[in-house]
Each structure stands twice: as structure tokens, then as C-alpha cells.
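2 protein chains.
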Amino acid sequence: MADTSPHRVVIVGGGFGGLFAAKFLRRAPVEVTLIDRTNHHAFQPLLYQLATGILSEGAVAPPLREVLRKHPNVRVELANVTAFDLEARTVAATRVLGPGLSVPYDSLIVAAGATGSYFGHDEFARFAPGMKTVDDALELRARIFGAFEMAEIEEDPEAQRTWLTFAVIGAGPTGVEMAGQIAELSRRALKGNFRRIDPASAQVLLFDGGDEPLATFGDKLCAKATREIERTGVQLRMHSRVTDVKPDAIVVQGPDGEERIACHTKVWSAGVQASPLGAMLAEATSAGTDRAGHVEVLPDCTLPGHPEVFVVGDMMALNGLPGVAEVAMQSGIHAARTIKRRIDGDTATKAFVYRDLGSMATISRFRAIVSFKGIKVGGFLGWLMWAFVHLTFLTGFKNRWIALFKWLTAFVGKSRDERTITMQQVSARIIANQVGVKPGDEDLTRFAQG
Amino acid sequence: MADTSPHRVVIVGGGFGGLFAAKFLRRAPVEVTLIDRTNHHAFQPLLYQLATGILSEGAVAPPLREVLRKHPNVRVELANVTAFDLEARTVAATRVLGPGLSVPYDSLIVAAGATGSYFGHDEFARFAPGMKTVDDALELRARIFGAFEMAEIEEDPEAQRTWLTFAVIGAGPTGVEMAGQIAELSRRALKGNFRRIDPASAQVLLFDGGDEPLATFGDKLCAKATREIERTGVQLRMHSRVTDVKPDAIVVQGPDGEERIACHTKVWSAGVQASPLGAMLAEATSAGTDRAGHVEVLPDCTLPGHPEVFVVGDMMALNGLPGVAEVAMQSGIHAARTIKRRIDGDTATKAFVYRDLGSMATISRFRAIVSFKGIKVGGFLGWLMWAFVHLTFLTGFKNRWIALFKWLTAFVGKSRDERTITMQQVSARIIANQVGVKPGDEDLTRFAQG
Chain A
1008 MADTSPHRVV IVGGGFGGLF AAKFLRRAPV EVTLIDRTNH HAFQPLLYQL ATGILSEGAV
1068 APPLREVLRK HPNVRVELAN VTAFDLEART VAATRVLGPG LSVPYDSLIV AAGATGSYFG
1128 HDEFARFAPG MKTVDDALEL RARIFGAFEM AEIEEDPEAQ RTWLTFAVIG AGPTGVEMAG
1188 QIAELSRRAL KGNFRRIDPA SAQVLLFDGG DEPLATFGDK LCAKATREIE RTGVQLRMHS
1248 RVTDVKPDAI VVQGPDGEER IACHTKVWSA GVQASPLGAM LAEATSAGTD RAGHVEVLPD
1308 CTLPGHPEVF VVGDMMALNG LPGVAEVAMQ SGIHAARTIK RRIDGDTATK AFVYRDLGSM
1368 ATISRFRAIV SFKGIKVGGF LGWLMWAFVH LTFLTGFKNR WIALFKWLTA FVGKSRDERT
1428 ITMQQVSARI IANQVGVKPG DEDLTRFAQG
Chain B
1008 MADTSPHRVV IVGGGFGGLF AAKFLRRAPV EVTLIDRTNH HAFQPLLYQL ATGILSEGAV
1068 APPLREVLRK HPNVRVELAN VTAFDLEART VAATRVLGPG LSVPYDSLIV AAGATGSYFG
1128 HDEFARFAPG MKTVDDALEL RARIFGAFEM AEIEEDPEAQ RTWLTFAVIG AGPTGVEMAG
1188 QIAELSRRAL KGNFRRIDPA SAQVLLFDGG DEPLATFGDK LCAKATREIE RTGVQLRMHS
1248 RVTDVKPDAI VVQGPDGEER IACHTKVWSA GVQASPLGAM LAEATSAGTD RAGHVEVLPD
1308 CTLPGHPEVF VVGDMMALNG LPGVAEVAMQ SGIHAARTIK RRIDGDTATK AFVYRDLGSM
1368 ATISRFRAIV SFKGIKVGGF LGWLMWAFVH LTFLTGFKNR WIALFKWLTA FVGKSRDERT
1428 ITMQQVSARI IANQVGVKPG DEDLTRFAQG
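Residue numbers (our numbering), protein chains in the order written: chain A, 1008 to 1457; chain B, 1008 to 1457.
Some hints here could point you the wrong way.
No copy is singled out in the list; a pair is fine if it fits within one copy or between any two copies.
Claimed, not checked - Cut-off 20 angstroms, straight-line C-alpha distance, at most; resulting in silico cross-link-like pairs (SDA-like, lysine to any residue):
1. Lys1421 with Trp1408
2. Lys1347 with Val1037
3. Lys1030 with Ile1350
4. Lys1383 with Asn1080
5. Lys1077 with Pro1013
6. Lys1380 with Val1331
What the hints contain is simulated information worked out from the structure, not anything from laboratory work.
Start from the sequences, fold in the hints, and give me the full structure.
What follows is the structure in C-alpha cells.
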């Protein structure tokens, strides 16, 4: 480490894990390269608010370059990582245009996150997108608000009902939040907006194969959550597995057998799988992966035989830690701190110790459940805690005030500000993917341009 | 008019003309159908702030249904008008899906606005988009912020300069506002964001064939504006006509002869032409059109021989009135008031009298010029007047506060909140249209998905 050139750290991914690692290294004598495919840090816990028209994309996805403006030792590369050479210690990436990139490192932090998992049915994705990126959320926003538009156009009551039925698959925090917000916007925010349909007649169905929604929160909170979810108008369908997804329907295997439910708009929040970069790293080393592709790292978040390579956040399998923002932040910081310690000459191996700051999920406006060190809180008090924590972690002073203002006006008032459906979405996406015609179908393109 | 069924008014277009007509008719005994291709009312005077990352799409484009929520006599149809039958008094429109629409009317207000004009060179549009719709502004946002990203990637100084050269064609209010904001974001907002390039080295060129920018404001203000534009860092190129537009360059015929200027990012604000619906109406009647396709209406904004058909706003040619929001609002209201008067039994023809409330254009933060009844104001006082008027006319209480807050933080502070480039834009748009490769080019699609 007594080299003359500074220690080079490459971080793959600008989510919670990667961003907090980069920030931690601000005053360390290192040169950091942060590689991400997008120009923004997506604040995933609030993507559902982008998808349902409460916040704008800028509010939930600040530009990485701006967030790291005062970190002169961090260089952001807009590129897509394709390979690692652990022997030569380089990361290969493609760029939007021009020649690819090969970035050498002394230490590597891989924090490329996770995507939705369709359990071997990737063909479901087109009709039931997940919600892991800003693109996903904007796509869902156009589909959700577009569905009400389509229902208003339809004359046939059955066709209307198909547009006014929303299926959310998976009753974890994201699924519960999405279902709750779709129900609220149909019952409150869209009131008075339509003349033929009553948006409040929309059915919002939340499917899960398990016994209870938000199962990780424990029985008492689950029971409370169940009551509150149902009060928002969401129909909970537990013990129900979705076995097929069609443009205009889903097939559900429930307690009473198989059922086909007509609906155009589906949201998939049933499973996650680690970024495929995880499998790539595992193959190159003796690390294993679990069924969802998480990399089984050593207790200090490194790869076996490669103490200079850290895998953190949603990509790592370690002590059964959940794929939540808090784990990603803390493990990212752990990796960064370890790198700094080593540069300072302290090469002792220190295991990553997760400080559980509790978990929380919103159910509807002013309703959330919070579990923290054995304390279980629900209702309005839970929501206040949720709002406080999310405002604290939202990046940037301005975004906090805007979010607070938008929450107050959206939840005390009724409207949703961010409901824009672009013509490009009309032609390329909403309809094509919701009714199953070819994207770029001539009729749709003509509509958008004509 | 002593019919039992209510008088049916059809309004084509939800811009300033159409929306203000619909609002005016709130308490009139009429049934209104407002037809628009999009789900929103685009506040065109602020689209440049959407394109340069200051405001979100929701702030400049509130949903039409929400704006008209408390107008139960207005039905909004998301459809694309394709034909008029002035004899049968019906409007034909296509919808996103399903059978088309044929809407009968007793009175018709056509307020379909204008689009950019390329003076016979429509092939320029792909490389130099205009800024008339939310889609246009989002496209430009991705191109502008994407250009800095591409410059950061390039190693070759000349290629970097091509990405860091921005050409705005047409020095009317929109062109001046765009050029000024691109200059400000390169000099202030992006400071510290990049490591290889200095965004402040960006060149922003503003071309116009005339003698002065903002020519309609008169000599004294023009001189002031010229000084202030140049102070922002924009290079004014007057007496310069753009004769060709390529993916990576423009060709300019200027006072010193022909010049080829290498640049990827172009904005077209040089000319407008009325919606093609105007020519359709003129053909069906004895009305003429001017060179830009504006319909020559009678003094009361109606078509010759069709007192029940009004053409208002940017589509009409009347006494040389300019294509500005104020004319659109007032002529829309004039049409609506005429319809109401006739229902009340007053069939006298009343000419449309435009009350000139002045015109204004922002040049940079805290700098605007205002011309009002012979009073000419520039500088900070002009900007305060500009801000006051725009906040007053922005639709919705919330959007006003958000806009004020964003202006304060963007202009006193430095950052731009709304800089999201989606992956879809990366693959389909920014690059494809800025460097001239095929949209959907395989390499780009792979980058976005991989």
C-alpha cells in the first residue's frame, strides 16, 4: 500500500450500497470510479410514489453527478458493466456509444442490486412489469393512469371492468404500497375526473401465496396491516399463486382452485433475483449463490480468495439479511470503511454487523406499520415515523421539502400532480403491452403522430 | 335554441384557447366535449423549464380531467381529430384503440394550436426538434443533459466540442429562453458535476435571420435584451439563416458567407405553422389561410358562412395578432361568450377585441423584458413581473407553490432537480437522433437492456 499512485476503488452501481460507499470515501486517499447504467440514484422505497403520480422522477431519482458534486475524488461513469477480470483486476463495461471501458482497480465494490424475478416465467414481464427502476415506475404510471382513460373510452361494461381491475402480485412492502396507492387514487384522487366511469368502482386485487401480507413483520402487525389494507379498498387474496399472465387476464391458483381474472394492468412484486453480475462473480471464484442468485460472501462481505472484492446490498447472501435499503447502505459503508482501514494499515478482518434499525411499510395515507427492536407500531404514529425516516434519507434538501409538500397536499388534499402520459407512451407502451398488440403497431404510431 | 336537449359545444384542443373556452362555459346551459390527443394541458410558456430540468412535467402539464374536475358539463375525450363535417355538424376522431368517434355539435371551437415549421425542410425535425409539446420538452431534456454525458465520455477534443456546442435556431422568446437556460445550466447548474470536461466551456449559439433578438419588443428593449443575452454567455448570431441540419452539424448562411458548425444538439424555434386541421377547415369553406396555415377568420373568430364554427388561438389569422397564450385565452373566451350570448337570445355579431396585456420574455435568472402599453421594463423588475404573471396563470394552487420554490432554489441556488434520462431515452432517442444512427439500433437497445 506504500505505492505512490492513489489506491483505486471501483464501485459498480449507484444505488444505496454503491452511493453510500462512495460518499464514505470522500476524505480517504483513494480515487473512486462509480459505474452506473443510468444518470441517477433511484430512491427505490419511493418508486411507488412515482408510479402513482405523487412525486416526480427528479424527486425520487437525483442525478448521481449532482449528489457527488462535492466529492472530487469520485468519477461517475455512465456505462454498463459486462465482465470482471479478477486476476488482472479490471472491470469491463460498454458505453452508450464509442469504445468500451476497462477500469483497473485495487479494490472493487459490486453493488448492482436486484431485479424482479418471474420464477422462470420471464414472458410475464411484458404484461406485469416489476418496479425496480425509474423506467419501470414511469411505465407503470402510464399504464395505471392509461387504464382509467381506456375504461372511459370503452362502452362495453365487461371491457370497462377489465380496464378497472388492477392486479398486484406479491404482498411484501412494495406490493402493499402499490395496491394501497392505486386504491387511494381510484377512490380519492380521481374523483370527479371521469364522466362515464366511476373510478371508485376499480377493483384492486393483491395476491400472495403466503398466509399474511407483510409476513416479515410478525403476527400482531400483520393482523393490523390486514385490517388497514382492506379498509383502503384493496382485496387481499392470500394463499393465491399467479400461474399465468396474459395481456388481458391472470390465472390464479387459490384456495378454491383455479380462477381466471380479467384485467389489463398488472404489477409484479412477487420475487427478486440478484443482478446477473452476481453469478458472474460466483463462477470466477469459489463463492456459491442462493436460488435468487445472491452471492454467498464471507462475513466481511468479500469474495472467498479475493479480499479486495466486496459484494454488498441486494446482491449478497449473508446471514439471511433482507434486501432492503438499510442493509445496502450499511454493507456499502462497511466495504468502504474496510478499504480505508486497510490503507491506514489495519488489515484485520472485521465481519459486517448489521444494526437493525427496524423495518416499515406504508399501507395508505397516514397509515404505516413499523417494527423496531421488538416495538411494533401501526396507524398514524407509524406513518409519522415512516415519513420522518424517508424524509431523512431522501437525498437533497430540496427534495425533502418538495416531498413533504406533495405528501401534505396529496394526502390531506386529493390530487396527484404527476399524471403525464406522453404520446410516446401512448403509442409504444401503455396499449401495446396492456392489450398485447405489437409495440410500434401502425395504428398506434399513427395516433401518436397524426 | 328552444330545443329541449342542451346545446352541444365541441372544443378541439386543450391548450389555452380550448381550456379557457371550456372553463368559461361552466355555468352555461351547454354540454361540452373537449377533445385532445393528450391527457394534459401543456403550459407552453414554461416548457423550456421542463426541457432544462427546472420543473417536472406534472408542474407544467396538469391533467385536463383534473383541471376540469368541477365542470360536470365538460366531458374530456382522449382522441385525435381527423375530419370535420360542417354540413352534418360532426367531428370525427380516432381513439387510441377501438372504434373512432363521431361527435355532433351545435357550436364548434377549433383550438388545435400550432407546431414548429421547418419551411419545407421537415427532414430537419429529427435532428433539431421544436418545443411545442411535453414530449418535445422531455426529448430535449434527454438530449441536452445527454450531450454533457457524451462529452464526458469522448476522449477526442473535437468530438467533445461537438457535444458541447448547442445551437438554438430562432431568437424569438422561446429561442432566447432556451439558449439562456442552456447557458445557465452549463455555467452554474452543472458546476462540479464532471471530471473530464468543464461544462462551462459549452458554446451556446443563437441564430436568427433578423437584425435583433426578440424583434417584436422594439428597439430599446432589444438592445437591452441583446446585452443581457450576451452576458449569460450565449453567442448571438444575427443575420444568419440555417440552411441545412445534419446529425452532427448545421450549415449557416451568415453575413460572412456559409459556415458549417459542428454540433449534436439543436433546438428549432424558428417558425410555426398552424395545425393541419386549419387547412382542412379552410378547404371546406371560403376561408383563406396565410403562409403558415393560419385560418383567415371573420372579425368574430368564426368561419365565413359558418357562424357556429370558431377558430381561435394559434390557428387563426386575424388582424396580425401574434401566436401567444394571451391571444389564445382571450379568443377562446370570446368564442365561448358568443355561444352563451346566442343561447341567451343575443345574436348580434361582435368582433373579437384583443386587450393587449403586454408581452414578456425571460432572458436568464432574474432577467426579463416586459413590454406593456408603451411601458418597457427590463432587468430584475421585468423578471419579477414575469414571475408574477406566470405564477398567476399556472394552473393549480400546488403547481404555483412548487414552481416558486423551484425557481428560488434553482436561481438562487444552483441545481436542477429534474434531470432524469430514462434508459428508454438512451436507447431510442438521445443518441439515435443526435448522431444519426437508426432508432432501435441493436447496440443501443442492448445497452439499455443489458
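From the Cα coordinates, with 20 angstroms as the cut-off, is the pair Lys1077 and Pro1013 best called within, between, both, or neither? within (19 angstroms within a copy, 64 angstroms between copies)
Identical-chain pair category, Lys1030 with Ile1350, by Cα at 20 angstroms: within (17 angstroms within a copy, 68 angstroms between copies)
Is the C-alpha distance from Lys1380 to Val1331 at most 20 angstroms within one copy, between copies, in both cases, or in neither? within (16 angstroms within a copy, 61 angstroms between copies)
How do Lys1347 and Val1037 come out at 20 angstroms by Cα distance, when the copy is not named: within, between, both, or neither? This pair counts as within: shortest intra-copy Cα distance 8 angstroms, inter-copy 73 angstroms.
Give the relationship of Lys1383 and Asn1080 under a CA distance limit of 20 angstroms: within one copy only, between copies only, both, or neither. For Lys1383 and Asn1080, the Cα distance exceeds 20 angstroms both inside one copy (42 angstroms) and across copies (49 angstroms).
Can you tell me if Lys1421 and Trp1408 fall within 20 angstroms by alpha carbon in one copy, between copies, both or neither? This pair counts as both: shortest intra-copy Cα distance 19 angstroms, inter-copy 16 angstroms.
Violated hint for the displayed structure: number 4, the only one.
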